[in-house]
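Using numbering that gives the first Met the number 0, the first residue of the sequence shown is number 0, and each one after it goes up by one.
Hint data in this document are derived by calculation from the structure and do not stem from the laboratory. Glycine included, each C-beta is placed from N, C-alpha and C at the ideal position. It is possible that part of the hints are untrue.
As the list claims (entries may be wrong) - Straight-line alpha carbon distances no greater than 30 angstroms define the calculated DSBU-like cross-link-like pairs of lysine-lysine that follow:
1) LYS95 to LYS23
2) LYS89 to LYS43
3) LYS95 to LYS135
4) LYS68 to LYS95
5) LYS95 to LYS113
6) LYS135 to LYS113
7) LYS89 to LYS113
8) LYS69 to LYS43
9) LYS8 to LYS135
10) LYS95 to LYS72
11) LYS23 to LYS113
12) LYS43 to LYS135
13) LYS95 to LYS43
Said to hold, decoys possible - Per label pair, the in silico range of CB-to-CB distance:
14) GLY74 to GLU122: 39 to 49 angstroms
15) GLU94 to ASP128: 34 to 44 angstroms
16) GLU5 to GLY74: 38 to 48 angstroms
17) GLN83 to GLY29: 10 to 20 angstroms
18) GLY73 to LEU124: 30 to 40 angstroms
19) ARG86 to LYS113: 40 to 50 angstroms
20) LYS135 to ARG19: 23 to 33 angstroms
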Amino acid sequence: MNHYHEVMKNFRMADSTLRRAIEKYVARTGVYRSQHQMLMNLGKHPDCSQMELAQRLEITPAAVATTIKKLEKGGYVTRLVSEQDNRVNKLAVTEKGERIIAQSIQIFGEVEQKALQDFSPEEVLQFNDFVQRIRKNLEEIL
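Using the sequences and the hints, build the whole thing.
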């Protein structure tokens, strides 16, 4: 087995383990992963439309609509009619949603700190550079 394959296998496994660790902790909030991703994105980009959210998350508008319905039913988001175009609904995070976002930010910080605990600050920066280069290389083949 060549070294490239082994390194990329470990990279995929680390990514998978990171996702599982985050899901384990985020599950305590009562919000599922896809709902969580949308809430976090809406927290960073308030008052965006479902179409904008779909583009940002690179998923279908139908998938956004389904998840937003669940978030709305749970009291995490509300829909507001756009003042510029009444055919467009803007999405807003409620207080309940803001509490979940705050919990999630704390959770991400704890998991990230745990994942990188044995690395020096220099190694973390070097690792970041490596990951960015991998991403850039892969984007060239898309």
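Against the structure, the hints come out as follows:
no.	hint	result
1	LYS95 to LYS23	holds (20 angstroms)
2	LYS89 to LYS43	holds (14 angstroms)
3	LYS95 to LYS135	violated (37 angstroms)
4	LYS68 to LYS95	holds (15 angstroms)
5	LYS95 to LYS113	holds (27 angstroms)
6	LYS135 to LYS113	holds (26 angstroms)
7	LYS89 to LYS113	violated (36 angstroms)
8	LYS69 to LYS43	holds (20 angstroms)
9	LYS8 to LYS135	holds (18 angstroms)
10	LYS95 to LYS72	holds (12 angstroms)
11	LYS23 to LYS113	holds (14 angstroms)
12	LYS43 to LYS135	holds (24 angstroms)
13	LYS95 to LYS43	holds (16 angstroms)
14	GLY74 to GLU122: 39 to 49 angstroms	holds (43 angstroms)
15	GLU94 to ASP128: 34 to 44 angstroms	holds (39 angstroms)
16	GLU5 to GLY74: 38 to 48 angstroms	holds (47 angstroms)
17	GLN83 to GLY29: 10 to 20 angstroms	violated (34 angstroms)
18	GLY73 to LEU124: 30 to 40 angstroms	holds (39 angstroms)
19	ARG86 to LYS113: 40 to 50 angstroms	holds (46 angstroms)
20	LYS135 to ARG19: 23 to 33 angstroms	holds (26 angstroms)
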